[in-house]
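Novice: Spelled out from the first residue to the last, the chains are:
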Amino acid sequence: MSFDSAAYLAFLPAVTALHWLCPPKKRWVVLLGASCLFYMSWDVPLTALLYAVAGISWLAGLVLAREERPGVRKAALWLALAACLGLLGYFKYFNFLARSVNGLLGGGAWTPWDIVLPVGCSFYVFQAVSYVVDVYRGELAAERHFGYYALYISFFPQLVAGPIERAGDLLPQLRKDRRLDKGDVRTGARLLLSGFFRKVVVADFCGPFVTAAYSAGRPDGSAVFAGTLLFALQIYCDFAGYSEIAAGSARLLGIRLMRNFDRPYLSQGPREFWRQWHVSLSRWLTDYVYIPLGGSRRGLGRQLLAVLAVFAVSGLWHGADWTFVAWGLLHGAFFSCELLLRRAGVGPARSKAGKAVSAMLTFMAVSFCWIFFRAESLSQAASLIGRLCSPWDLGAGLACLGPKPVDAVRLALILALCPALRRLGDERDAAQVQDMTYVYFFLAIAIAWLIRFQQGGAGTFIYFQF
Amino acid sequence: MELLHFPLTLLLYLSAAVLAALGARLKRGYAFAFAGGLFWAAGSVDALVEGVPLDELLCVTLALLLASTGPGKRRAAGG
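Residue numbers (numbering that gives the first Met the number 0), protein chains in the order written: chain A, 0 to 465; chain B, 0 to 78.
I should point out that these hints are in silico values taken from the structure, not numbers from a laboratory. Even glycine gets a Cβ: it sits at the ideal position worked out from N, Cα and C. The reader is advised that the hints may include incorrect statements.
[Stated by the list, open to error] Selected chain A positions facing chain B (in silico; Cβ < 7 Å): (1) Val408; (2) Leu410; (3) Ala411; (4) Met435; (5) Leu442; (6) Ile446.
All chains should be built: construct the whole structure from the sequences, respecting the hints.
Specialist: The following block contains the structure:
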């Protein structure tokens, strides 16, 4: 049940109504049942895996809370981490390893198995890991009620594509005696509207052009350039749209999820970009990989190594392929360059023109990295970069993408609407949005949905595959 | 663009855009904004009857959305 499916449009109001009609003490049962049903709509047998991860991490939390002997605590921590990350490793990376070994040795030395990646596996495993580590560090009290804990791991709005919530933020909200609040309903509806607009009107519009540019045999450099910029827009609107729908759905239930995106394409450097893009993953990697590796406390060399390791993990987390590792390492290299520049005394730009140039350069660097993220293989990425660097033929580029005049108008309007879209998704700016603007947002989403049905396409979110 | 072949539809949409923009600019512009919505509805019915593709209908809706946000204005009037 994808967020942009008709089934979800019936599921969410039904769950919301049932949740508020239920006595406060029993609301967790409604939410847990709904989350279980939501996940079962993707895959029934793999629902057991989801609750197995929840069970393992919950038991580990209990042992860590009761046990005071350091050796036993450490053993419980490592056992839980090995079990959770082992499951993720098996489902996500086993075939990647087999393919890599085969590529290295040549031939079929290792036959890949028929393994289906459970939806949202990377997200809920990371939530479980953060919980166990936080309890081990003493930063969080262990949750004794399995129902609430299972709900924290499987809460349906953020189950399949995040944000990766921390137990310290989400569990108290799940336990709280929530009351139906008009403001929450209004904010939730606004977030849903903004999320659906990003997904259905913007991301789904960019998709076919990106596919045309990236699947053509020998696309012109101009087509690769336009396709890459459109992919930058598509992936941002797809994922930020998903996060807003998740936040909006949770808000209707009186629960606040963290903000996962904050205008990342206006960042003035890679560091700022990663503070504003997929914030929940960046924070997770900082707290559980970068800082344990030494962070900035053990000299520049160690810090640069930690940065590269974090970005390699980030790449691998996104997908089990060398293209994702290359994408991560490229970001790591850009991040390291910024660190070295800061050490050399080159500070952030202060003038308006300087800030604009920094933002433009950052956007171009990020877009360049997207080539690796979108390409099917490293050789395709290299070929696309080669096409970018060869002389362009605009006519051939346009023929490759095949846009109609109305598409150009739609793209221009979408870009002009960016500030309005930001206001819609931002609680602080909500007062500036007129009532009729909401109506037009709704109408635009409805028409885009009709176009999708007319074309017989069923959209899916890019981040669902991770 | 097929929409350009239907003057009545165009006129209705242009009126809707002007009213939406006025609704966004004026202090108590809700009536204008609402009237703009009505003109959009009339224009859309006409467009659908004439067989204008949905892509173009979406573009017009986005243009009206843009007009209703009062682009270039720091704070939109309430409504």
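Novice: None of the hints should be skipped; say for each whether it holds.
Specialist: Going down the list of hints, with the structure as the test:
1. Val408: The hint holds - Val408(A) has a Cβ within 7 Å of chain B, the shortest such distance being about 5 Å.
2. Leu410: violated (10 Å)
3. Ala411: violated (9 Å)
4. Met435: Since chain B brings a Cβ to about 4 Å from Met435(A), closer than 7 Å, the hint holds.
5. Leu442: Given a least distance of 5 Å, the restraint on Leu442(A) holds.
6. Ile446: holds (5 Å)
The structure does not agree with the numbered hints 2, 3 stated previously, though it agrees with the rest.
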